[in-house]
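Trainee: Each chain, letter by letter, is given below.
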Amino acid sequence: MAAFALNLLWLLPVTMAGAALMLNRKSLRVLTLMHALWQLFFWGILYREKGAGLQWLWFRLGGKAFFYGLGAHSANLALLLLTILVGHIALLYGQGSVGRVRSFSALLFLVMGFAQGVFLARDLLLFFVFYEAALVPAFLLIYGWGGERRREAAVKFALFTLGGSVFFLIGILLALQEMPTGLREDWSPERLPSTAWLLMTIGLGVKLPLVPLHSWLGEAHVETDTSISMILASILLKLGGYGLLYWVWRALSGEEALLLRIWGGLSLLYAAAIATGEIDLKRLIAFTSIGHMALVALGAGSQSLYGLQGAYHQLFTHGLISAGLFAWVGTIEKAFGNRRIDELRGILKDRPFQAVLLFFGAMGVPGMALFVSELMVVWGTAVGVGWWWALIPALSLVLTAIYFLRAYRELAAPTPLLLSPGSLAPFFRAVVWFFILLSVGVGLYPKVWLDLLADVGY
Amino acid sequence: MPPFWILGALSIGCAVAWLFTDEPLLQASLEITAAVGLYIAWTLPVLSAKGRKSHATLSQLADSHRAAEPLDSSNSYSTWGPLTLSLLYACSLSLALIGVALFIQASHPILLFAGWEAVSLAGWLLIAFARGISRRSLEAAFIAFLTNRVGDAFWIAGVFSEGKFVIGVWIGILVKAGLFPFTFWLIQAMFAPAAVSALLHSAVIVGLGAYMPLKYPSLTGTLPTWGINGLWLMGVMAGIGAVFSRTPKSILAWTTSAHLAVALFLSQRSSESVFYLLHHSYLKAALFLLLGLAQKQGGFSPILTVAWILSAFLLEAGHSSMDSWLWPVEILTAIALGRVWCRTGIRSTHQGVSAAVVVPLFLGGRVFFLNGTTLQLSGEAMLVVAGLGLGLLYRQPVRFRLEAAVLSILAIFLQGWLRFGRWVSDLEKSLDIAMQCVAKWVVDFGKVSAESDRRAAGEGWRWIAARVRQGLGFLSGANTPLSYTQGLSWGFLITLMISMLWRLLR
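Chains A and B, in that order, give the protein sequences.
Yeah, the first sequence ends on 457 if you go by numbering that gives the first Met the number 0, and it's all consecutive.
Yeah, the second sequence ends on 505 if you go by numbering that gives the first Met the number 0, and it's all consecutive.
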């Protein structure tokens, strides 16, 4: 039963991509809903049989065996659920607003399926294959749907991520020279050469993204359609983070962890500075993602279990809140046709609550999901490498508050409104509320997810 | 007023139900519901539209201090009715109470921090929304929340450091309690309505800071002597700030800061500081509510005057036997409290006369039992009375804001960070543009080189073809162009010769 669910969790979306090409808009919605139910059912099976896995021989090369190995374990169950939730909601969101809906749905199904494959893979080579496969439909989505400059953004996305993949591939090949198979069970950190570690980190750092490698993110998030931004922020960034934590983290020595911490800290400061100075609302939110993902790097470099668990949990919680934020910006963009903060002054006249909850949620106040994960990163850093390092993630609390409260102050400013709102289907607002409520639920009762993460790590 | 009666009945019902339940969780929720309901019932008039209108008349009384600036309704930007406002108010207050409960009962640093943060979040909500959104309210809430966050960042690093960074915990405490260099956020927070100030900014939020070393001494450790002296100095500075402050509410905020310095000072010296903290919270809350009432009525009525003087006296004299070090703080704050009454209060002769008659009578009763000891109206307590009297006489407003310097430092820092952010953001954009330029150059170079390559290749082929044609023409005869049959025959001949040569050489 578990093997059935494991396979279908990534195969079913890929097959659905073919089916989606032949349906009209209305039946696509039904298909999406049915598919979501099936996926949730498979996820439920895997949640019950935690630790289930399968492993079939794929091929042998040079005395090494590579496997088609999938598994659902403590590190990936939350992320699988995140992919199911955000993926289907982004599908419904996009099906209500974009043109060429068949190819859009098919590509989004493909991204979903390959992302599930990335999270499920237990063999390094299989991981890489899924990781690369997810890039192609993502590129096509950015290329095909969005603003005027989306094509340039898509090309930039492709160049950066493919460039990163080259580093990642060389790193993998170097690493595999030292290992008997590609399976994670045979993956012994001590034998990993630090060149391999560095190359793999650069490759995954493009996707995470860490700062000098982040340049694709601003363009891609801003130019593309809202539903694809949701997918990018909530799922595709997580591929890099998950790869870093699941495959690379185990191999870190002291100096490498130090490098990762410094890198993460610089990334955090830089992203916070840009978000403070930004006047494009969507770009601001895109850069908060960099800041929040920098905490993942810090948690990975903290050399403690709490930090690692916090980083894994951060992947999940940030997925929820950033999907909510992008959906919210999408409603603003749809209603007012504008994204510039200084031209949107006063839009929070009647309904400030979504913005308040989302902004405070992203600031990590208690009761919202990000609070727990950020605090665990701070705690893990303090426990693992000393309190002076803990000041860096703690500083992010202050810097996040500055730019979100500043943006709120601008948007709620008591000036006469320059723009008049257009009409907006209630579904789009409901999506925002869904993510807010989910985030509150995870924040108030994080035990389920932290219990999942109990045996993550060494 | 129906909401009043509904909420009152709800509270009483909860209180009665509380008597008959054993389940601790249910008890706690009933307790909180009853308390919040009662509190909101009492403070609903503060939020009603009528109250707000009379609030505006007060602006003629008080100086136009920014923090206590009354709400200009044309400047307001919320379209919410009283029901939405009171619901929001109720939610925020419950959040504050939940945060306090969490802080007091937490056993784990993360839970402790959750309570600590929930209270400052509630503070933001109440300052920003309780009087309707306006530019000023958002700015005040921003400063208050941000300052608290800075304190929190140090605090959390200190708590997780397991005793290696105790100074961080203390910075957090000083910020949260609003002690001297950080009093500016408390004064900004005075933008909230009187009821909120009474609960949060005199008792709960700031009280948590002073309560921390009592509840969790293992996290704060004991202060060295210079630290204790520093607390004393902070109290004195806050007292000076109170005397020179300009609006009634900011005077009260400054005295709160001074008294919390005293509470922290006492927490390092004696066991009486819990008593002092509670005593201060109740009486300071009473003073805030009295001030709010007086502002709504347009001045102090005789009964309010008596209540004010009595509360101020009890507040200042409540710990007169404690420590002779603290007298400067107490005298300064007594003067400040006297000034509040004087500057907001005396509207007519009969008020002054009634105060002059009733207050000494009341104080002369010598019926104050505090902490088990009788207070005598002699010696130290007389100093308090003298201070209050001095404050009544002291009417000259001094234009001097002690917190402005620190606030401007914060503003400079924020401006700098914002400017840096804009600069980096521009840099990022120009990097993007540069990258696009480079990409364009690369593509252009590719195009040019492809073109030249094609051209070169074409020309090269043409050149080679021309040479070949020339050569063949030379072979076939100098001036005649090469015909097909001639070429074929020459080709046949050459092939024949090569094959013969090949044969011979083998």
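Worth flagging that the hints you see were computed from the coordinates, not collected in a lab.
Just to be clear, a hint being listed does not mean it is correct.
[Said to hold, decoys possible] Simulated coverage check for chain A against chain B, where a stretch passes if three residues somewhere in it have a Cβ under 8 Å from a Cβ of chain B:
#1 214–223
#2 260–267
#3 272–278
#4 358–370
#5 377–389
Only a predicted model underlies this, so the values are computations on that prediction, with no experimental measurement involved.
Think of the CB as a built atom: it goes at the ideal place given N, C-alpha and C, for glycine as much as any other residue.
Trainee: Determine for every hint whether it applies to the structure shown.
Mentor: Status of the hints after comparison with the structure:
1. 214–223: It holds, with 3 qualifying residues against the three required.
2. 260–267: violated (count 0)
3. 272–278: holds (count 6)
4. 358–370: Check passed, 5 qualifying residues.
5. 377–389: Coverage by chain B holds for the segment 377–389 of chain A (8 residues, Cβ < 8 Å).
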